[in-house]
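Asks: Keeping their order, the protein sequence lines are chains A and B.
With my numbering, letter number 77 in the first sequence gets 77, and the count goes up by one each step, no holes.
So the mapping is simple: my numbering equals the position in the second sequence, first residue as 1, plus 1000.
Honestly, the hints are just simulated from the structure, not real lab data.
Errors might be hidden in some of the hints.
Dumping the calculated BS3-like pairs for lysine-lysine here, alpha-carbon to alpha-carbon at most 30 Å [what the hints assert, rightly or not]: (1) A:K101 with A:K16; (2) A:K3 with A:K101; (3) A:K109 with A:K3; (4) A:K101 with B:K1080; (5) A:K16 with B:K1080; (6) A:K109 with A:K38.
No experiment lies behind these values; they were computed from the predicted model shown.
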Amino acid sequence: AQKVTQAQTEISVVEKEDVTLDCVYETRDTTYYLFWYKQPPSGELVFLIRRNSFDEQNEISGRYSWNFQKSTSSFNFTITASQVVDSAVYFCALNSGGYQKVTFGTGTKLQVIP
Amino acid sequence: SQTIHQWPATLVQPVGSPLSLECTVEGTSNPNLYWYRQAAGRGLQLLFYSIGIDQISSEVPQNLSASRPQDRQFILSSKKLLLSDSGFYLCAWTGTPNTGELFFGEGSRLTVL
């Protein structure tokens, strides 16, 4: 079985602050894939990143960065210098065991206040 | 490039009425297709997935059914809607089922009254 936990239900930050969204996952498989998605108020989920279990290199894309740590089963997402357009619900997700089914966390709602 | 489109975007239906939500994918062949539901303020629940024409797997026993009559078409149906069927329905596809990154449609918001 696979499980994703996003303990932070809602976060509010003031514009230009940095914010980290936490994600903890559970799986017994040695090969798995982790994802982050963004759901803006319009509703459509937007794929942000995929991380493979065998690649623990952290990744940076502009103001976004992701910290993958197998030792703590975490895949955290940091937004640097947050902007109002970052306001959305962010989902962490896991695919393992080749089940072709992705399990999503319950999401973290981020509000960036101008 | 690949695109996914689902409709209708918004639907208000009375209890007991039928439902049909449609999803199509363009620019790819033999995708895996998925229907997810998101209840208000909740996460995503996988309802159905399909690895090919007429091949449907159901994840949650419920009032809904899915069909895949063509390679790039996925339909979510109900014969009689319940109040609990209200929610935001999202269709998704992946061309890489081993890794599983999903690409979602715009979503269909269903309100059952």
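Asks: For each hint, tell me whether it holds in the structure or not.
Replies: Quick rundown of the hints versus the structure:
1. A:K101 with A:K16: 36 Å, violated
2. A:K3 with A:K101: Holds. A:K3 to A:K101 sits at ~12 Å (cutoff 30 Å).
3. A:K109 with A:K3: Status holds; Cα separation ~19 Å.
4. A:K101 with B:K1080: Holds. A:K101 to B:K1080 sits at ~27 Å (cutoff 30 Å).
5. A:K16 with B:K1080: Cα-Cα ~49 Å, so violated.
6. A:K109 with A:K38: With Cα atoms ~10 Å apart, A:K109 and A:K38 stay inside 30 Å; holds.
Checked against the numbered hints given earlier, this structure breaks hints 1 and 5; the rest are met.
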